[in-house]
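So the sequence lines, in the order shown, correspond to chains A and B. Going by the UniProt record's numbering, 35 is the number at position 35 of the first sequence; the sequence numbering is gapless. Going by the UniProt record's numbering, 96 is the number at position 96 of the second sequence; the sequence numbering is gapless.
Some clues are possibly wrong.
[Said to hold, decoys possible] Here are the computed lysine-lysine pairs in the BS3-like style, where the Cα-Cα straight-line distance is at most 30 Å:
#1 B:K578 with A:K90
#2 B:K463 with B:K573
#3 B:K618 with B:K573
#4 A:K90 with B:K98
#5 B:K337 with A:K90
#6 B:K337 with B:K316
#7 B:K573 with B:K337
#8 B:K455 with B:K333
#9 B:K337 with A:K116
#10 B:K583 with B:K291
#11 B:K455 with B:K291
#12 B:K98 with B:K155
#13 B:K618 with A:K116
#14 B:K455 with B:K316
#15 B:K316 with B:K660
[Said to hold, decoys possible] Here chain B is said to cover these stretches of chain A; the calculated rule only asks that three of the stretch's residues, wherever they fall, bring their Cβ under 8 Å from a Cβ of chain B:
#16 47–58
#17 69–79
Worth flagging that the hints you see were computed from the coordinates, not collected in a lab. If you're wondering where the values come from, they're calculated on a predicted model, not measured in any experiment. No residue lacks a Cβ here, since even glycine has one placed at the ideal position from N, Cα and C.
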Amino acid sequence: MFKLTVNGTTHEVDADPDMPLLWVLRDRLDKTGTKYGCGIAQCGACTVHLDGQPVRSCQTRIGDVGTGAITTIEGVSGRVAEAVQGAWRKLDVVQCGYCQSGQIMSAIGLLSTNPKPSDADIDGALDGNICRCGTYQRIRAAIHEAARSLA
Amino acid sequence: MLKIRQPTPSPRASRRAFLTGSAAAAGALVIGFRLDLRGARAEGAPALSAVKANPNAFVRIAADDTVTVMIKHLDMGQGNTTGLATILADELDADWSKVRTEFAPADAALYNNLLMGPIQGTGGSTAIANSWMQLRKAGAAAREMLVAAAALDWKVQASQITVESGVVRHAGSGREARFGELAAAAAAMPVPQEPRLKDPSQWRLIGQKALRLDSVAKTNGSAIYSLDIRRPNQVTAVVAHPPRFGATVKGFDDKAARQVAGVIDVVAIPTGVAVIARDTWAAMKGREALKVTWDESLAETRSSDVILAEYRETAKRPGIVASQRGDAEAGIKGAAKVLEAEFSFPYLAHAAMEPLNATIERAADGSYDIYAGLQFQTIEQATAAAILGTTPDKVRLHTLWAGGSFGRRATPSADYIAEAAAILKAWGAKAPVHLVWTREDDMAGGYYRPTVYHKIRAGLDAKGSVTGWQHVMVGKSIMIGSPFEAMLVKNGVDGTTVEGASDTPYALPAYRFEVHNAREGVPVLWWRSVGHTHTAQAMEVFVDELAHAAQVDPVAYRLALLTNAPRLSAALKLAAEKAGWGKAAPEKGRAMGVAAHESFGSYVAMVADVTAGSGSLKVNRIVAAVDVGIAVNPDIVRAQVEGAVGFALSSVLRNRVTLKDGVVQETNFDAYEPTRLTEMPVVEVHIVPSQAAPTGIGEPGVPVLAPAISNAVFAATGQRLRALPLDLSGLKGV
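Please take these sequences and the hints and turn them into a complete structure.
Dropping the structure here:
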């Protein structure tokens, strides 16, 4: 039995310690905003925050989460999150939208530690997030837009 | 609740189901399918302009003033939900902030794609094109019904009433009412069959930037995709599929699989062995523990390079003549110069971000519900019904957001929906079943863009004009062997295979296009822009070669050949102008290339600015010009072209599905890597102003990218790369 703190709420989960956090969130806790894309940490669709740091939940065993605070797209809040989501909406970044939870979690992670990222900083933080619809130009623009609104 | 009237699925229509013969196995379905995917033809198509106003099918107005537009298409990211709602809302004079959307149920009588005949489905960039008049009339009719209700209540003349942003007004009496207040009375008014449509000068939403209606739900985790549906007591199924196409289950040992915690059952189905479990992880672990032996006696066991080598041999023999004008051979014989080139293309996986999946359940009364990112509703409904031994009207479809598709969710065999139905049936429908394909299942599951080979010879006279063009193509037809073959394959020619080449707009005096339909066990399918994915590369690179051989500027050379194609010419001129075509490159190894191509009734030209040499290639900037007729939502048009570049770039640079002795080698994003953020060029999109009826833009941005880049690589390095993906290994330094 594991105790997981997700978006500020503690849940008890009876599962194998090897079970990836991704499937615990989606199939046990109904937090379906976090997406499955590849299962091998190549696409970033499953990105969540563990103690504020972006992690790939498909490669995070629940046995390793411990007392860490997990935040999913459903639970993000605060100035940075609002700026990022607002910029995504203002620039109409999404197409199919399936990868965007992960993109947004990565972008919030970046802007939380680096409020004025350069293009190279964005490359470094977001290159692990695949968008098959190819919305990258707007993702980049939205991160700059969010940074401006936070300034 | 007050409403104009909720559309109800029509059992009459569903029973018709467009099946001829008995409801046999899915493979035996014969479907009367008219495919007119070329939106340009649509402008004059009587079906589109003669469609009767049917507001009840497409709009619902509630007491709280919300206006819900029924969306008969799948939105897999292309933004058609917003575009379709825009068309109706403008004619209705609705308040955009009150507009909502809902995916329509399966009902081909109400919701068929007017460019696909009796089929409800999404594809061929037709969503906006086929719905344009239908939704304008629906919105205008609903508006007239609201006005008629107000006129009756206020005892004034309807002609003195105005409507603006969800409010109905009579200036003379000073009375006004919101849509929600009038909805119930409006529902009782007769439906005007030919309502008066707005003059384009009166449009308030069409042609403007309206924010996407799905942006909020897709940025806070609340949008429900196919993979996110949760039904009471739902179980998850993962299927062990054969390693080679065409293989079947010989036997299996499920002892260890059943020991895995969470595994509920293991059942054999026609496409493999399904492990049913309490959640996805348990199902995946159960499948790992499963031992299956396969009967591969009918399986495809060739490697992809062997298949392509066979194509090369096949191309030496005469094929089926798909189009011909003049005497191409004689033209080439008398030419001052003859050029020859071959182009080859690999299998490509769609690799949508959301792997294929679907949920199916049996209701207490023996009817069924299917939840998925459904793209081909009429086919999916009929196929599932045949497997479940029921009639299509007993299968309700619930279309959800799809995490991409690029064509993959619309298969003539409804493959993954059929598999979900087969599992439910084999298991006895004890609970709702969610069939989940892993990334590996999705990538190795076939239905690829076919591998294709083109061989072209052309002659030029002393002035560089084409004297003859002889073109042979080899590839597996998408339609042959599908339920659509009888309707859509004429004299052995499948239009979806040869489109964009056999019907080239270039004014060639002598042209002969031959096709060979390859036979192989690899299932193939339309992949965002279908035949144009390869014909545009063959045509546009080869025309570029002719221009260089003729020592004429590639833009000027094309324009001289496009005298009968004014819209494509205009797009080409605009792209060249905006890109600064003809200006000297700022540095060595950097150059521009161009391509122009019509697909699905839309006209797209692209100029690629690349830096190439020493085995590497960087695409710096793409300038595109597009003519889509009236751009209903210009920002979404731009987004689709930006996205087409991001989507297609990895297929130019590296993507290929290869088979080794029949086994797919690339099964995840490590080996089949989509474009990444750092590779994305700057994309500028310019829209050609137009008053023509809207066509589509989901696909037409894709075909021109590869030839524009290939031609830029030649301009930068002097080396001609033709095969996709581009083989940069031999690219020398400059």
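Structure-based check of each hint:
1. A threshold of 30 Å between alpha carbons decides the hint, and for K578 of chain B with K90 of chain A the separation of about 26 Å falls inside it, so the pair holds.
2. The straight-line distance between the Cα atoms of K463 of chain B and K573 of chain B is roughly 23 Å, inside the 30 Å bound, and the hint therefore holds.
3. Between the alpha carbons of K618 of chain B and K573 of chain B the distance comes to roughly 25 Å, so the proposed pair stays at or under 30 Å and holds.
4. A C-alpha spacing of about 18 Å is found between K90 of chain A and K98 of chain B, which places the hinted pair at or below 30 Å, so the restraint holds.
5. Only pairs whose Cα atoms come within 30 Å are accepted, and K337 of chain B paired with K90 of chain A is rejected, the gap being roughly 55 Å.
6. Of the pairs offered as hints, the one joining K337 of chain B and K316 of chain B holds, with about 21 Å between alpha carbons and a cut-off of 30 Å not exceeded.
7. For the suggested pair K573 of chain B and K337 of chain B, the alpha carbons sit about 28 Å apart, so the restraint of at most 30 Å is met.
8. Restraint check for K455 of chain B and K333 of chain B: the C-alpha separation of about 17 Å stays at or below 30 Å, so the hint holds.
9. Straight-line distance between C-alpha atoms of K337 of chain B and K116 of chain A comes to about 58 Å, which puts the hinted pair past the 30 Å bound.
10. Between K583 of chain B and K291 of chain B the alpha-carbon distance is near 64 Å, which puts this suggested pair outside the 30 Å criterion.
11. Between K455 of chain B and K291 of chain B, the direct Cα distance comes to roughly 45 Å. Violation of the 30 Å bound is thereby established for this hinted pair.
12. A C-alpha spacing of about 28 Å is found between K98 of chain B and K155 of chain B, which places the hinted pair at or below 30 Å, so the restraint holds.
13. For the hint linking K618 of chain B to K116 of chain A, the alpha-carbon distance of about 26 Å falls within 30 Å, and the restraint holds.
14. Only pairs whose Cα atoms come within 30 Å are accepted, and K455 of chain B paired with K316 of chain B is accepted, the gap being roughly 9 Å.
15. A threshold of 30 Å between alpha carbons decides the hint, and for K316 of chain B with K660 of chain B the separation of about 25 Å falls inside it, so the pair holds.
16. Evaluation of the coverage hint for the segment 47–58 of chain A: breached, as 0 residues show C-beta separations to chain B shorter than 8 Å, against a requirement of three.
17. With 3 residues having a Cβ less than 8 Å from any Cβ of chain B, the segment 69–79 of chain A passes the three-residue criterion, so the hint holds.
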